[in-house]
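Let the sequences and hints guide you as you build the complete structure.
The primary structure of each chain is shown beneath.
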Amino acid sequence: MIASIGIDVGSTTAKIVGVDLEGKFVWSYIEPADPRVEDQVQKFLNLIEKETGPIEGKPIVATGYGRNLVHQATKKVTEITCHARGVFKQLGHGGTLVDIGGQDSKVIIIGPNGEVVDFTMNDKCAAGTGRFLENTAGRLRVKLQDMGEVALASRDEVTISSTCTVFAESEIISMIAHGVKVEPILKGLHRALVKRIVAMIRSVGLVPPLMLSGGVVKNPAIRKMIEEETGEKVILPDHPQFMGAYGAALIGLKLVRN
Amino acid sequence: MRYLKYIWNVKVAGALFLKYQRFKSERRRVPARWRTDILAPPLKISARTKELISKHYLEGRYASGVKPVAWVTSGGPVEILQALGFYVLYPENHGALCGTRRVAVELSEEAENYGFSRDICSYARTDIGAMLSGKTPVGRLPKPDLLLACTNICQTVLFWYRVLARHFKIPLILIDTPFVYDDAPEHAIQYVKKQLEESIPVAERVARKSLKYKKLKEVVRLSKEASELWLEIMYRGRAKPAPISVFDQFIHMAPIVEMRGKPETVDFYALMLKEVDDRIKRGIGAVKREKKRLLWDNLPIWYKLRFLAEFLGERGISVVASTYTMAWGELAPLIDPEKPLESMAKTYIYPILNRGTGYKLEKMREMVDEFDLDGAILHSDRSCKPYSIGQVDQRNRLIQEYGIPALLLEADHNDPRAFADEQVKARLESFVEMLET
Ligand code: SF4
Numbered sequence: 000m001i002a003s004i005g006i007d008v009g010s011t012t013a014k015i016v017g018v019d020l021e022g023k024f025v026w027s028y029i030e031p032a033d034p035r036v037e038d039q040v041q042k043f044l045n046l047i048e049k050e051t052g053p054i055e056g057k058p059i060v061a062t063g064y065g066r067n068l069v070h071q072a073t074k075k076v077t078e079i080t081c082h083a084r085g086v087f088k089q090l091g092h093g094g095t096l097v098d099i100g101g102q103d104s105k106v107i108i109i110g111p112n113g114e115v116v117d118f119t120m121n122d123k124c125a126a127g128t129g130r131f132l133e134n135t136a137g138r139l140r141v142k143l144q145d146m147g148e149v150a151l152a153s154r155d156e157v158t159i160s161s162t163c164t165v166f167a168e169s170e171i172i173s174m175i176a177h178g179v180k181v182e183p184i185l186k187g188l189h190r191a192l193v194k195r196i197v198a199m200i201r202s203v204g205l206v207p208p209l210m211l212s213g214g215v216v217k218n219p220a221i222r223k224m225i226e227e228e229t230g231e232k233v234i235l236p237d238h239p240q241f242m243g244a245y246g247a248a249l250i251g252l253k254l255v256r257n
Numbered sequence: 000m001r002y003l004k005y006i007w008n009v010k011v012a013g014a015l016f017l018k019y020q021r022f023k024s025e026r027r028r029v030p031a032r033w034r035t036d037i038l039a040p041p042l043k044i045s046a047r048t049k050e051l052i053s054k055h056y057l058e059g060r061y062a063s064g065v066k067p068v069a070w071v072t073s074g075g076p077v078e079i080l081q082a083l084g085f086y087v088l089y090p091e092n093h094g095a096l097c098g099t100r101r102v103a104v105e106l107s108e109e110a111e112n113y114g115f116s117r118d119i120c121s122y123a124r125t126d127i128g129a130m131l132s133g134k135t136p137v138g139r140l141p142k143p144d145l146l147l148a149c150t151n152i153c154q155t156v157l158f159w160y161r162v163l164a165r166h167f168k169i170p171l172i173l174i175d176t177p178f179v180y181d182d183a184p185e186h187a188i189q190y191v192k193k194q195l196e197e198s199i200p201v202a203e204r205v206a207r208k209s210l211k212y213k214k215l216k217e218v219v220r221l222s223k224e225a226s227e228l229w230l231e232i233m234y235r236g237r238a239k240p241a242p243i244s245v246f247d248q249f250i251h252m253a254p255i256v257e258m259r260g261k262p263e264t265v266d267f268y269a270l271m272l273k274e275v276d277d278r279i280k281r282g283i284g285a286v287k288r289e290k291k292r293l294l295w296d297n298l299p300i301w302y303k304l305r306f307l308a309e310f311l312g313e314r315g316i317s318v319v320a321s322t323y324t325m326a327w328g329e330l331a332p333l334i335d336p337e338k339p340l341e342s343m344a345k346t347y348i349y350p351i352l353n354r355g356t357g358y359k360l361e362k363m364r365e366m367v368d369e370f371d372l373d374g375a376i377l378h379s380d381r382s383c384k385p386y387s388i389g390q391v392d393q394r395n396r397l398i399q400e401y402g403i404p405a406l407l408l409e410a411d412h413n414d415p416r417a418f419a420d421e422q423v424k425a426r427l428e429s430f431v432e433m434l435e436t
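Protein chains in written order, with numbering that gives the first Met the number 0: chain A, 0 to 257; chain B, 0 to 436.
Calculated directly from the structure, the hints in this document are not laboratory data.
Don't take each hint at face value.
[What the hints assert, rightly or not] Computed from the model, here is a short list of chain B residues facing chain A with C-beta under 7 Å:
#1 Ile398
#2 Ser429
#3 Met433
Idealized CB from N, CA, C, for every residue including glycine.
This is the structure:
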């Protein structure tokens, strides 16, 4: 039985999670973000109702960049708080959570009781985010979901000096024109993204263990390179893409209890 | 003729008109747009601030040919010029005014189109843009006869004022203040004092009169008094709830920056202190439901003052103290009217921007204790490199060594093109949630 619902309206994907009274992750759904947020959220709610039963009177907590457009929400909470809540509930300990999303990345230091101690977000550009890979993947004609494997398989690696998504693209074009192979370019691209992320981690100071969430974790090269660059083993929660929505649902649960 | 025009427009008609305007606005009810549900009504003194500043710029409009005119950096030793009867204009203040009136971008673009890089301080770009285009929201700026730049705030002013000097073909007095790591060594103070002494004949030649030592002492005394009052007002933020926020301080700091050494400035701050004390007595807080109290580091974001005051006020956050507004009061004890040049040398070598990053960290920590604050917002100002350098470490050390929550907020004090609305909101909101749990 669903007791509370969390909705995470991100810049690239929208997610919904339902939890039971114990806070167990029982239902979820994800699809690319629709600019008509209200319609999409309504569709999500109809879906959860159809599959799990009536939701009337149950708390709906919205998070993500589009949270303020979710008029059905009982409460709106930022991604930082929600991610920390979700990950802490699943893993049961604090540490450093790195969430790499489509257009924004964040590093959250979670205290021993699950509280947010410190956080940072990517700068004003998309350099340290999934969009960086997405944009350049198109140029290289490699499928997004294959990028990580291809990069890992390459022994060679070229240095991409530009962290700007747009400039990196022109750097790649010139490399291809000079006959550089796709695989080492891909590996270099992953490295550039990871270095950016690691700089963010350093700016707040890594408190082990290191945890990873967000859509980009599906890419094995990112995980491996973060481990390489930080010297820390990376821990993944069960539903890495849903941590924001899950945390939101957990916050809703508190409303039920109160 | 010019003199008569000045007397009539500034001292008679202008003064009367501005007084009438003040009178009217003092009686006006709180503006409809004001969020009285979350913030205290505007300070009564606001009408007077407006009158004082308008009068200052009005005088500027008619000053050319009547009084010698000097353009000065905000940390410049202005007392000598005041004592010689100069009309003094602060391009940085004018820049801030352009920022609050939302014309800074237009003026910056004038400078950028001319070839000045967007990486230069936005005050400099705004000012140079105004100089090149003649555009200003205050009607007209008086052409300077003399420039005074003091490097105690940054090195930008050195090059900026050289541009002005070349454009206007006028003399530039440069006061070089050696960087202070711990304490300023005696020879550094003597070095600054010597430059102050050497500046006197240059300024006298432009003013066509000689400096009266007695008058200088008087100006220095007034400068000290106003700074002391300002410091008192800052310290009133210790009260709970805090009677005024930094956003009020930002608005009412113009006189202490651009009208130091004048009797009306002393009267103005005495009146402001009274009003602030009255608020404390009546338990009025700048933020109606003050839940958390914060520190602000670095310059204000001039074009977002209202947005920030409301966004934070709505969430029960009162930003009570800032290193920036404090800078215009904290040196007051160093000023000694009996030893004007000596004490000016000391005062002008010690501003926070002329000291090491460790000093600022220590200052912030002290202020957190002094004002009983729950955290700090460090505005990383893209324009102001000397204020922003070291903030990443300062922030981390506030958190890790002292357990003070701190947020780095990237923006620019005068250039809204470096302000990302959604990102700023996301950071602030997450920070507030973090403070609440
Ligand atoms: S760089 Fe900083 S100190 Fe220098 S003029 Fe600009 S804002 Fe002022």
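* Run the structure past the numbered hints and jot down the numbers of the failing ones, going up. => none
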